[in-house]
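Chains X and A, in that order, give the protein sequences.
Take the first sequence: its position 40, counted from the start at 1, is 126 in this note's numbering, and no numbers get skipped.
Take the second sequence: its position 1, counted from the start at 1, is 73 in this note's numbering, and no numbers get skipped.
Hints listed in this document are in silico derivations from the structure and should not be mistaken for laboratory results.
Watch out, some of these pointers could steer you wrong.
Distance ranges between label pairs, derived from CB positions [said to hold, decoys possible]: (1) A:D194 with X:K231: 31 to 37 Å; (2) X:V425 with A:R340: 49 to 55 Å; (3) X:R321 with A:Y140: 36 to 42 Å.
For glycine and all other residues, C-beta sits at the position ideal for the given N, C-alpha and C.
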Amino acid sequence: MAEFLLEIGLEEIPARMIAGAEVELGKRVTDLLTRERLVDAGAAVKTFSTPRRLAVLAEGVRAAQSDIEEQLTGPSWTVAFKDGVANKAAEAFAKKVGVDVSALEKVTSAKGEYVGATVKRAGRTAGEILTAELPKEVLTLYWAKNMYWRAGKPERFVRPVRWVVALLDSVVVPVEIAGIAAGNASRGHRVLHGEAPVVIGAAGEYAEVLRRAKVVVEVAERRHLIRKALDKETRGVAGARWREDEPLVETVVHLTEWPTVLLGNFAEEYLTLPEEVLVTVMRDHQKYFAVEGKDGKLAPHFLTVLNTEVDAEGRAIIQHGNEKVLVSRFKDARFFWDVDQKTPLAERVESLKAVTFQKELGSYAWKTEQNLRVARDLAAVVEAAGVAFDRASLLKAVELAKADLTAELVKEFTELQGIIGGLYARAQGLSEATAQAIYDQYKPASTEDAIPGAVEAQLLGIADRIQTITAMFGIGMAPTGSKDPFALRRAANSVVKILAESELPLTLSDAVAAGGNPSQPSDKNKDVARMGHPGSSDVAAFLRERLHFYLKDVRGFAYDVVNAVLAAGADDVRDAIARAAALTAARRSEDFAAISAAFKRIKNILRQAEEKKFSIGAAGGVKLAPEAQQLADAAAFLAPKVAVLRAERAYGPALAEIATLRPVVDAFFDKVMVLDPDEAVRGAHLGLIDGVLKGFSGIADFSEIVTG
Amino acid sequence: MPVSLSQVSTTPAAGAAKSALTFQELLFRLQGFWAERGCILQQPYDVEVGAGTMAPETFLRVLGPKPYRVGYAQPSRRPADGRYGENPNRLFKHTQFQLILKPPPVNVQELYLESLEAIGIDLLKHDLKFEEDNWEWPAGGAWGVGWQVMLDGLEITQFTYFQQCGGMDLDPICAELTYGLERIAAFLQDVDSIYDIVWARDPETGAAVTYGEVRLAEELQFSVYNFECADVPRLWEHFNSYEAEARALLDKANALLADEKASVVEKRRFPLLATYELALKCSNLFNLLDARGAISVTERVGVIGRIRNLAVGVAKAYAVQSVA
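Take the sequences, apply the hints, and build the full model.
Here is the structure:
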């Protein structure tokens, strides 16, 4: 048994692509070794990566495959042997499989008698197999973006391959990948080790040898080192903490081979810039960790993760360099902030005419007008329901929401759109409700993100998104399959989430109605309206599909519960959630499962009746069997109670009441032949069960529930 | 808990900064370094360009199979980036030291690191990272993958492996290294403003001439021109006129290059290089119009498309001509 090491040496791989490639290479090598019987099934391998390398170490690799015997079948026996004498067909088969004719044997199968041969195959050595198979396993790794580098374009890969180490214990496997012959020489840290080759004496020594060359090849170890070093450096500032930022930790883990951490400072005067701007500069532009004080507020420090280890003089130089860069970026931001204040948001609205929202639809000035229309409609519904909010502040926020698109600071930090508008609104003395609504307009950014807290911001968020969805549907830009270039699904998910998690008295149909007719393009594109585009029913269906997604994937309700609940009404989002929760709790009871089964049966019977064109009659005037009469009485008694509970949204108690129907329902189906030959009786039965179905399906369509 | 300003690190190597290379020495060193490694040194291209990439020494030389190594300092104009000389970090015209290595040597990154040592950067005392940064110039049908090279948090070089140019796959590809000279000089000299960079020092008196003394007036006046004075209708006239001439030449070139009866001599003497200059003129006029705010969002894509037609058209014709 040997250890096998493969290391692919590369020029710096983009940090975002390394983790996925490391996993994939590990899997490919494992699969190859398993497939070729060089390791036992289920064997695990270790994987490593740094910006300059991907590596795999497998233990327990056999020196060679075991020999195998194979039974091969050839032509029909009677074709190959005439009177026991081999003819041409037998000879050809023997030659093909590499045995003597005398070694051919008769094989009897269900289909008849055939010529057979037992062939011994010598197992290939691990070296042979790896040499032959590794190149294509490596070169077909998935990369989000590839490049050519060699003349003649023989292969594409994420970056040029510069060295390959392939060892079985200490023996080089003579594989060639992208024109590079494998050896036992790796490379160390570019600066700390330099260009001298790093010879790996044996596969198992890989990590330790590279550590001596100032490369930590294990990702988990670098992550741990970085986190510890961030903690340690932060302790230099009393009471401070570094701001946890997992994505940033992952990025710097994949940007370093020998990480160390350095604390830098900036002048307190920059803390007057909004925290959002400071953090964006530090995190997104410089990959620095922000530091906060005891009060949770930003402190004038930052942490940068270095890909080197330097002496005190070096630390001072690097700290100084990073501080200078940061300050010049802060200065830029402050410059843009000051310049932007010269033109208040209100004055910027006019210039939105020159900013395209969507070329067939119009500019952001057009978009703003449309948003105002939608917001007014939504506001009217909310007001009518008696919910208090500041209408004037809402409309001001809608009017100014997109004005920051023309701000220099937004051009510099596009990810802060909305947030900067909100900050400017506050700085320019607009009402707090207006400023906060503008600030929060893009919340929630994802299904994990929180919704805005204030009604004004919630309404702006819904108005903006529903307008976008409706308008895009109007020009035939509805998402199809994996294509959703305008992220309309995300927009609709956010609408549903706001409705679900706020207290807004709005239904999906209120939102659809406020969105208006999808075919309302801007003046210059009137012809678009004549193109026969979908109507608001498509928008409604789209939102309903997003509600389904929300209940199932975000809230985690079972799919049958979601189907059952939405079949009974999909307009009031919070009501649907309450019904789904009650149904999820109720379905566990045995009585309820029986009711669900009974409702399924009722539906089937009614379907049959419809197919046979049986008419549904009234219960009166026909003498019913006692069990039928009991069901009718129980239903008549329960229906008003359930209706009251439903109206009170007391879904749990309502479902418990419905479950009490079980004995009478069971008795009814046991004793009564529903489709009685007598037309009047049959009609009465059908009328009865139709009434039960209709009367008790208002909370959920129980027939959708999957039972035992 | 908050620290006082004095805790912010002061220049650790104040002495080193004084002995740092002047702006022109920086250029000499880079030129010398790469000349010793087999590069032709070219002079800046004498037509307005937005980046060293657009000069024909890059845009056209990267086409076709012929190996080529060239370096040149290219003043690069971006009218909209002008700040009247008031912003310490932004310029209307900055200087790129542009290097094309076609095909790239296998040790191109190591050579690059040596070039940093050559301009006085002791890598053992700095933090260096190659961070993914891909590049594209849609109007030139050009793109590549590569890195921004970060030194102590500052982007000092754009390193690109060109993959396509003029809409054509390159084979061999080339490495393009673009050093931002002002940034590197400000870093080496540890000055807070580009205008404080020492451009040159009198060898006898040691008196310094600063970047500001050499270029500030130009930044101011061109900002005034670009933002306030450039005559928009005339800019459009120039644009249309240059485009028409380039278009006419390009049509002729395409007809000639496709003509089987035309001689090689005739094909080779066709002035595609001049046609490309006309396309560059259009590109610069577009940037001026943009700085004047004269290009509406709806027009923008269309105008870029017109420039692309010229630039990509010339590149395609050039590729044919060079193998005629």
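We went through each hint and held it up to the structure:
1. A beta carbon spacing of about 33 Å between D194 (chain A) and K231 (chain X) agrees with the range 31 to 37 Å that was offered as a hint.
2. Remark: the range hint 49 to 55 Å for V425 (chain X) to R340 (chain A) is upheld by a beta-carbon distance near 53 Å.
3. For R321 (chain X) and Y140 (chain A), the Cβ-Cβ distance of about 54 Å falls outside the hinted range of 36 to 42 Å, so the restraint is violated.
The structure fails hint 3 only (numbered hints given earlier).
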